[in-house]
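This is what each chain is made of:
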Amino acid sequence: KQEVTQIPAALSVPEGENLVLNCSFTDSAIYNLQWFRQDPGKGLTSLLLIQSSQREQTSGRLNASLDKSSGRSTLYIAASQPGDSATYLCAVLGNQFYFGTGTSLTVIP
Amino acid sequence: GAVVSQHPSRVICKSGTSVKIECRSLDFQATTMFWYRQFPKQSLMLMATSNEGSKATYEQGVEKDKFLINHASLTLSTLTVTSAHPEDSSFYICSASTTAGGTDTQYFGPGTRLTVL
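From first to last, the protein sequence lines are chains S and X.
In terms of the numbering used here, the first sequence is residues 1 to 109.
In terms of the numbering used here, the second sequence is residues 1 to 117.
The set of hints was computed from the structure by calculation and includes no laboratory data.
Just to be clear, a hint being listed does not mean it is correct.
Result set (BS3-like, lysine-lysine): computed pairs, CA atoms no more than 27 Å apart in a straight line [to be verified]: (1) Lys66(X) to Lys42(S); (2) Lys14(X) to Lys64(X); (3) Lys42(S) to Lys20(X); (4) Lys66(X) to Lys14(X); (5) Lys41(X) to Lys14(X); (6) Lys42(S) to Lys41(X); (7) Lys68(S) to Lys41(X); (8) Lys55(X) to Lys41(X); (9) Lys41(X) to Lys1(S); (10) Lys20(X) to Lys55(X); (11) Lys20(X) to Lys64(X); (12) Lys1(S) to Lys68(S); (13) Lys66(X) to Lys55(X); (14) Lys64(X) to Lys42(S); (15) Lys20(X) to Lys41(X); (16) Lys55(X) to Lys42(S); (17) Lys66(X) to Lys41(X); (18) Lys20(X) to Lys66(X).
Examples of chain S residues toward chain X, derived with CB under 8 Å [to be verified]: (19) Gln34; (20) Gln38; (21) Gly41; (22) Leu44; (23) Ser46; (24) Leu49; (25) Gln51; (26) Gly94; (27) Gln96; (28) Phe97; (29) Phe99.
A few chain X residues that don't get close to chain S, going by computed Cβ distances all over 12 Å [to be verified]: (30) Ser18; (31) Leu26; (32) Lys55; (33) Leu68; (34) Ala72; (35) Pro86; (36) Glu87; (37) Asp88; (38) Leu117.
Computed from a predicted structure; not experimentally measured.
A virtual CB, placed ideally from N, CA and C, is assigned to each residue, including glycine.
Full structure from sequences and hints, please.
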């Protein structure tokens, strides 16, 4: 069964720092991997989608990489801002969706 | 941990029929449930937010008369795709939110793959 793990579970950084969130999965038979942002009481906001044939995707200050063979993905956030504070989830799509447990990010002004 | 189930996991139907998808929180009460869909090669997108006992709030571009959401109890929400067409074929996923323990946490169902012929 697919297992998705996110490290660290929580992260606190000062504003302006670059940071990396990690996501690992046990079964490389996936269609895609997605990174989401979750704000309290709100639905998920999709950040980046990486198809299984792709290696990375970029959107603004965000860059996500995918190494399917090693079962890893990273989300890189450049020049972090207080508004980036949220929980970040990764999810892989195989025969069903599998979500990681999330990384709670706090960016301190 | 908290478990959210969806039924059915996979459904194939003819164009013009209606399909109901159930989302259940098995061991906790969820005041809020979210419905998402993912078209092939696209990101998972929020369709609507459903609070128990009240009308769902739909995202822009989602037809509320086509995607009927009922959140009749704290453990069950249903999504009915009415008069389904092939372009409705998608992966539909729900999540259930709880604030037990002092933090707002969402738990996700495994998804329902809908294919409309």
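Hint check results:
| no. | hint | in the structure |
| --- | --- | --- |
| 1 | Lys66(X) to Lys42(S) | 23 Å, holds |
| 2 | Lys14(X) to Lys64(X) | 21 Å, holds |
| 3 | Lys42(S) to Lys20(X) | 24 Å, holds |
| 4 | Lys66(X) to Lys14(X) | 16 Å, holds |
| 5 | Lys41(X) to Lys14(X) | 23 Å, holds |
| 6 | Lys42(S) to Lys41(X) | 24 Å, holds |
| 7 | Lys68(S) to Lys41(X) | 17 Å, holds |
| 8 | Lys55(X) to Lys41(X) | 30 Å, violated |
| 9 | Lys41(X) to Lys1(S) | 23 Å, holds |
| 10 | Lys20(X) to Lys55(X) | 17 Å, holds |
| 11 | Lys20(X) to Lys64(X) | 14 Å, holds |
| 12 | Lys1(S) to Lys68(S) | 16 Å, holds |
| 13 | Lys66(X) to Lys55(X) | 14 Å, holds |
| 14 | Lys64(X) to Lys42(S) | 19 Å, holds |
| 15 | Lys20(X) to Lys41(X) | 24 Å, holds |
| 16 | Lys55(X) to Lys42(S) | 16 Å, holds |
| 17 | Lys66(X) to Lys41(X) | 23 Å, holds |
| 18 | Lys20(X) to Lys66(X) | 12 Å, holds |
| 19 | Gln34 | 6 Å, holds |
| 20 | Gln38 | 6 Å, holds |
| 21 | Gly41 | 6 Å, holds |
| 22 | Leu44 | 6 Å, holds |
| 23 | Ser46 | 4 Å, holds |
| 24 | Leu49 | 4 Å, holds |
| 25 | Gln51 | 6 Å, holds |
| 26 | Gly94 | 10 Å, violated |
| 27 | Gln96 | 4 Å, holds |
| 28 | Phe97 | 5 Å, holds |
| 29 | Phe99 | 5 Å, holds |
| 30 | Ser18 | 23 Å, holds |
| 31 | Leu26 | 16 Å, holds |
| 32 | Lys55 | 16 Å, holds |
| 33 | Leu68 | 18 Å, holds |
| 34 | Ala72 | 20 Å, holds |
| 35 | Pro86 | 20 Å, holds |
| 36 | Glu87 | 20 Å, holds |
| 37 | Asp88 | 18 Å, holds |
| 38 | Leu117 | 20 Å, holds |
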